[in-house]
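Reassemble the complex: the two chains are provided individually, in unrelated frames, and hints are given to aid placement.
Protein chains in written order, with my numbering: chain A, 7 to 118; chain B, 8 to 117.
It is worth saying that the hints were derived from the structure and are not from the lab. There could be a bad hint or two in this list.
[Claimed, not checked] Calculated pairs, EDC-like style, for lysine to aspartate or glutamate (alpha carbon to alpha carbon, straight line, at most 16 Å):
hint : chain 1 : residue 1 : chain 2 : residue 2
1    : B       : K9        : B       : D100
2    : B       : K77       : B       : E12
3    : B       : K9        : A       : D44
4    : B       : K9        : A       : D65
[Unchecked claim] From chain B, some residues computed to sit far from chain A (all C-beta separations above 12 Å):
hint : residue
5    : Q13
6    : P21
7    : A24
8    : Q45
9    : G66
10   : D73
11   : K74
12   : Q87
Virtual Cβ for every residue (Gly too), placed ideally from N, Cα, C.
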Amino acid sequence: EAQVTQNPRYLITVTGKKLTVTCSQNMNHEYMSWYRQDPGLGLRQIYYSMNVEVTDKGDVPEGYKVSRKEKRNFPLILESPSPNQTSLYFCASRRASYNEQFFGPGTRLTVL
Amino acid sequence: QKEVEQDPGPLSVPEGAIVSLNCTYSNSAFQYFMWYRQYSRKGPELLMYTYSSGNKEDGRFTAQVDKSSKYISLFIRDSQPSDSATYLCAMSDPGNQFYFGTGTSLTVIP
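Next up, chain B with everything else stripped away, as it sits in the complex (with noise of 0.2 Å):
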C-alpha cells in the first residue's frame, strides 16, 4: 500500500464550478499536509499547507484536513482556465521526510 494515495483523474469542469481534489494516507505520523500545482514543463510550487485538522481559506482555495479518517482535501471555488495543471497532495513526517501523492490532472474549460 503506498503510503499516500491520489487519484490521478484526469478531471476536467467548466469555468466557474468548484472543484475538490482528495488525497488519502496510511501513516498516522504524518503532522504537515501541502498541495503543490504543477503547470506543464514546470517544477511543482506550494499552494497551501496546514498542520492541523480542519479547514484553511486563501482566496479561492480550501484545504480540509481530517486527521481521524487520514484524508485531506482541496476545494477551488469559482475555477478559472489558469487553474489547469497537476495538483499533488504532499505530507511529512516528524522527520521532515515528504511523500507525494501521484497528483490529479485538472482541466478548467472556458
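Next comes chain A alone, as it looks inside the complex (with noise of 0.2 Å):
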C-alpha cells in the first residue's frame, strides 16, 4: 500500500531534550516536507526537500532541522524543543512534477 508513515503518533516531552520524528514514503517521490498544522494558522512549511541531499528552509525553519541521506526517509529534528513547539506535524510527500501530496498520519507534540 502507498503511504506515508511518521512515528511516534503522539509524544509528550519537556523543554530542551532533544527530538526526532521520523517520516518515510514507499512511492519513490522526489519531493519530502514537513508541515505544522495550528488551530487558526493553517498547515505552514517547515522545511522541503526536492531530492536526495537537497534540503530548503520553508516559512517556519527556526528550530527546526532535517536531513535527506536516502529517499524515502525525511527526518525532522528538533535539537532543543520548547513549548512554542507543541503542535501537530505532518510529513508530506509528492512526484516532482505533480501537485498531489501525500499527507502522513500526523505527530501531536507537545513540549512542556
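Next up, the structure:
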C-alpha cells in the first residue's frame, strides 16, 4: 500500500530534550515536506526537500532541522524543543512534477 | 495579509444540502488550486485540483476557480454525513511552493 508513515504518532516531552520524528514514504517520491498545523494558522511548511541531500527552508524553519540521506526518509529534528513547538506535525511527499501531496497520519507533539 | 484566506466556520448543514466552501487569495502567480479533505485525527487527502479558471466536476464535488477575482470555491451536492470533515484549500506558485488556507470545519447532520 502506497503510504507516508510517521513515528511516533503522539509524543509528550520536556523543554530542551532533543527529539526526532521520523517520516518514510514508499512511493519513490522526490519531494518531501514537513508541515505544522495550528488552530487558526492552518498548515505551515517547515522544511522541504526536492531530492536526496537537497533541503530548503519553508515558512517556519526556526528551531527545526531536517536531513535527506535516503530518498524514502525525511526525519524532523528538534534539537532543543520549546513549548511554542507544541503542534500537530505532518510529513508529506509527492512526485516532482505533480501537485498531489500525500500526507502522513500526523504526529501530535506536546512540549512541557 | 495572509496569502490565502478561508472562513474557518464551523459550518453545519442538514443531509442533502448543497455546501459552498470558499477561499480568496492575494498572489496572482498561483497556478494550481486544490481542495483537501481532513478527517479528525487524519492527514489531509487531496480531493480535487484545477489548473485554470472555470469549473471541474467529480461526482458530487465541483471546484470552481475565478482567477480574475482571486476566488475559489468547492461545492458539495447532496451532502452526506460522511462529508463531515475539515476542508482545506491550497494553492501552489510557479516554484511549487504550497500555501494552505486555515480550513473550514463542516458537519452534515443526518
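So, going through the hints one by one against the coordinates:
1. Restraint check for K9 (chain B) and D100 (chain B): satisfied, since their Cα atoms lie roughly 15 Å apart, inside the 16 Å limit.
2. At most 16 Å may separate the alpha-carbon atoms for a hinted pair to count; K77 (chain B) and E12 (chain B) meet this at roughly 11 Å.
3. The hinted pair formed by K9 (chain B) and D44 (chain A) meets the criterion: a straight-line CA distance of about 15 Å does not exceed 16 Å.
4. Annotation: proposed proximity of K9 (chain B) to D65 (chain A) holds, straight-line Cα distance about 12 Å (limit 16 Å).
5. With a least CB separation of 8 Å from chain A, Q13 (chain B) falls inside the 12 Å interface cut-off, contrary to its annotation.
6. With a least CB separation of 27 Å from chain A, P21 (chain B) remains clear of the 12 Å interface cut-off, as annotated.
7. Listed as outside the interface, A24 (chain B) is consistent with that label: its C-beta sits roughly 25 Å from the nearest C-beta of chain A, beyond the 12 Å cut-off.
8. At the 12 Å boundary, the C-beta of Q45 (chain B) falls inside the reach of chain A, the nearest C-beta of that chain being 8 Å off.
9. Against the 12 Å criterion, G66 (chain B) stays outside the reach of chain A, whose nearest CB is about 17 Å from its own CB.
10. For D73 (chain B), the condition that its CB be more than 12 Å from all CB atoms of chain A holds, with the nearest at approximately 19 Å.
11. Every beta carbon of chain A lies more than 12 Å from that of K74 (chain B), the smallest distance being close to 16 Å; the non-interface claim holds.
12. With a least CB separation of 23 Å from chain A, Q87 (chain B) remains clear of the 12 Å interface cut-off, as annotated.
Of the numbered hints listed earlier, those contradicted by the structure are 5, 8.
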